[in-house]
Amino acid sequence: MKLTRTALLLTALFSTVASLPVMAADIKIGVTEALTGGAAQYGVPIRNGFQLAADEINAKGGVNGNKIQLVIEDEQGKKEEGINVFKKLIFQDKVLMIFGPTLSNSMFAAGPVANAAKTVAFGTSNTANGITDIGPYIFRNSVMESDVLPVTVATAVKHYKVKQVAVIYGNDDAFTKSGYDVFKKVLEEQKIPVTTTETYVKGDVDFKAQLTKIKGTNPDAVVCSCLAEEAANIMLQARGLGIKAPFIGGNGFNSPKLFEISKLAGEGTFVGSPWSNANPAPANKNFVAAYQKKYGGEPNQFAAQAYDAMYVAAAALKDVKLSGDLAADREALKNALPKVSIEGATGPFKFRPAKTKDGKPGGWDADQKPFIYQVQGGKFTLYTGK
Amino acid sequence: MEWFNDFWSTYSTLVFTVGVHMLLALSIWLTLSCGLLSLANAAFMGIGAYVSALLTLNAGWAFPTVLLAGGIAPALVALVIGAPVLRLSGVYLAMATLAFGEVVRITVLNLDITGGPEGLNGIPLATEGWHIALLLLLAFYGLARLRRSKVGRAFEAIKEDEIAARLMGINVNRYKLLAFVLGGFIAGIAGALNAHFTFFISPREYGFEPAVDILTMAVLGGTGSLVGPALGAGILTLLPELLRFLHDFRSLVNGAVLVLVVLFLPKGIWEPRRIRAFFRKGGQA
Numbered sequence: 023m024k025l026t027r028t029a030l031l032l033t034a035l036f037s038t039v040a041s042l043p044v045m046a047a048d049i050k051i052g053v054t055e056a057l058t059g060g061a062a063q064y065g066v067p068i069r070n071g072f073q074l075a076a077d078e079i080n081a082k083g084g085v086n087g088n089k090i091q092l093v094i095e096d097e098q099g100k101k102e103e104g105i106n107v108f109k110k111l112i113f114q115d116k117v118l119m120i121f122g123p124t125l126s127n128s129m130f131a132a133g134p135v136a137n138a139a140k141t142v143a144f145g146t147s148n149t150a151n152g153i154t155d156i157g158p159y160i161f162r163n164s165v166m167e168s169d170v171l172p173v174t175v176a177t178a179v180k181h182y183k184v185k186q187v188a189v190i191y192g193n194d195d196a197f198t199k200s201g202y203d204v205f206k207k208v209l210e211e212q213k214i215p216v217t218t219t220e221t222y223v224k225g226d227v228d229f230k231a232q233l234t235k236i237k238g239t240n241p242d243a244v245v246c247s248c249l250a251e252e253a254a255n256i257m258l259q260a261r262g263l264g265i266k267a268p269f270i271g272g273n274g275f276n277s278p279k280l281f282e283i284s285k286l287a288g289e290g291t292f293v294g295s296p297w298s299n300a301n302p303a304p305a306n307k308n309f310v311a312a313y314q315k316k317y318g319g320e321p322n323q324f325a326a327q328a329y330d331a332m333y334v335a336a337a338a339l340k341d342v343k344l345s346g347d348l349a350a351d352r353e354a355l356k357n358a359l360p361k362v363s364i365e366g367a368t369g370p371f372k373f374r375p376a377k378t379k380d381g382k383p384g385g386w387d388a389d390q391k392p393f394i395y396q397v398q399g400g401k402f403t404l405y406t407g408k
Numbered sequence: 010m011e012w013f014n015d016f017w018s019t020y021s022t023l024v025f026t027v028g029v030h031m032l033l034a035l036s037i038w039l040t041l042s043c044g045l046l047s048l049a050n051a052a053f054m055g056i057g058a059y060v061s062a063l064l065t066l067n068a069g070w071a072f073p074t075v076l077l078a079g080g081i082a083p084a085l086v087a088l089v090i091g092a093p094v095l096r097l098s099g100v101y102l103a104m105a106t107l108a109f110g111e112v113v114r115i116t117v118l119n120l121d122i123t124g125g126p127e128g129l130n131g132i133p134l135a136t137e138g139w140h141i142a143l144l145l146l147l148a149f150y151g152l153a154r155l156r157r158s159k160v161g162r163a164f165e166a167i168k169e170d171e172i173a174a175r176l177m178g179i180n181v182n183r184y185k186l187l188a189f190v191l192g193g194f195i196a197g198i199a200g201a202l203n204a205h206f207t208f209f210i211s212p213r214e215y216g217f218e219p220a221v222d223i224l225t226m227a228v229l230g231g232t233g234s235l236v237g238p239a240l241g242a243g244i245l246t247l248l249p250e251l252l253r254f255l256h257d258f259r260s261l262v263n264g265a266v267l268v269l270v271v272l273f274l275p276k277g278i279w280e281p282r283r284i285r286a287f288f289r290k291g292g293q294a
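In the order they appear, the protein sequences are chains A and B. Going by the numbering used here, the final residue of the first sequence carries number 408, and the count climbs one at a time with no gaps. Going by the numbering used here, the final residue of the second sequence carries number 294, and the count climbs one at a time with no gaps.
Simulated from the structure, these hints should not be mistaken for laboratory data.
Subject to a maximum C-alpha distance of 20 Å in a straight line, what follows is the list of computed EDC-like cross-link-like pairs (lysine to aspartate or glutamate):
(1) Lys116(A) x Asp15(B)
(2) Lys100(A) x Asp222(B)
(3) Lys307(A) x Asp77(A)
(4) Lys100(A) x Glu250(B)
(5) Lys372(A) x Asp155(A)
(6) Lys207(A) x Asp121(B)
(7) Lys50(A) x Asp15(B)
(8) Lys100(A) x Asp257(B)
(9) Lys199(A) x Asp121(B)
(10) Lys230(A) x Glu220(A)
(11) Lys224(A) x Glu218(B)
(12) Lys379(A) x Asp121(B)
(13) Lys116(A) x Glu250(B)
So, partial list: chain B residues that the calculated Cβ filter (under 7 Å) puts toward chain A:
(14) Glu127
(15) Asn130
(16) Ser211
Backbone N, C-alpha and C fix where the C-beta goes; we use that ideal spot for every residue, glycine too.
Kindly generate the complete structure, drawing on both the sequences and the hints.
Rendered as structure tokens:
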């Protein structure tokens, strides 16, 4: 009796020891996001998206039998922190690849570190121009404004029969300024005259001066490259002044909260987004349901892109034979990633090589079509072009 | 040696940042030692960073000349604005220098050559460890010599009592301007060094928050000597990294440590008199 128990104990012990090498074959993936500070509003949903996808993949037995292990670090949305975390993940934790960081600024600082160390850095929320100029190890599945806005503008122009527009944007913020630059180019290309271009700075609450000027020029639509905080006030004050023209928004409008706050003022607004809550594809339905179950809140675009990015990496890893030699494995992953194409929560996805300014080989951008929404009854409704 | 290589590849940027922050803390120590509460150092750092980065990117100057230009540019600006601004004292000077910082930030935001709010990216890596170490050593040596010189005594006299100093024949305005310009020079070099190992600079890195951070470093370490600011800079830079294992509680503990230091060591961590007293009493006090 006693002997059997000892034997049992021994087998248990041995099996734990035997399972250790399996643990060692875990695939370590770094996640660098802003989890505290101002950018945490983006970083936290992104982390949730990665965690959700990794848990799902692991629950199904991992990739080729290897479990995915996430090493999550906070970069606080600061460039020095971004570099420090990248170096820690690459040289100390010896991860296979890194997701993040959250802000384009941090990627500009940390990306070169990963590229020099020949390790893939995969951004899911970096929309700035020039990110993938850093080098061939830089990937992103975030859709650039220059891919979204032409479609948004063209759709809105067709729907409202727009002949001329007014523009308002925040000129001291990297995000709204680069959005404006794209809008300007798109409006020129589509030959839509701009009646007036107005600016504000972050933190402004009174936009009546700019809006009065806009009203005087009588535009058919107001193009707004603004963050959600200012956009709500702009829309409310525009209606207060009697501007009836609908709004056309940039990526900053992608916030369900915005249209809760602005109530009917935002009615009819056109917004483009790489992800739609209402997308009926099964991958997206699964994602939305699983996210709500796990985190008890609505997912957003950033969570969806992170979720998809993890599946993109998993698909690439399926084709990589892990040799245990870190440098070789990192290289193999970098070569496997561009071949991936998946049907994700954000729709069909594949990479396209980035066009760099100086003609050197760059990284890989997202090749994806945006969804166009129209706001109806204070909610985003997928525009189908009835 | 291998553990060192591992350590260096992971933490070199952190060590660089400590060095740059030490330079910044020393730059504000210089004005503080002259009794000036100036908060323009972040702006001077920004000017240094932008001037040096633009010279590297557009003119292709050699790194040492770029560094020198990064120091001289803010020193010249300090020379120009110093004359009117330094007539103010105390809180009013702090307000005026903060306003100057805003002017610099908004100018950079609205220029095309600086990349506006999107900043400058793709700055090549040029800063090496020994650059920072050497410049830090030079700054230490220079400032230590300065303290013991006629100029240092004059700073001290102005700090203790400006009117008395004036009566003793010290040209108060000239010495104040000297402290302000030298501080700008050191901060500018720190900015130039920083720009050449972080690949990217943007206007928001040189606004109100860093201005206060620089002051905090000097005050936390103690402004009575040169060691204090350097120590404060080291602690404020390393603490968040050392607390990384606390994950979500990191910022909380970081803040708590600062509050405790300010409550119990109001003259800063490095206070020679208290430390000497501590050892004399055999660890009793």
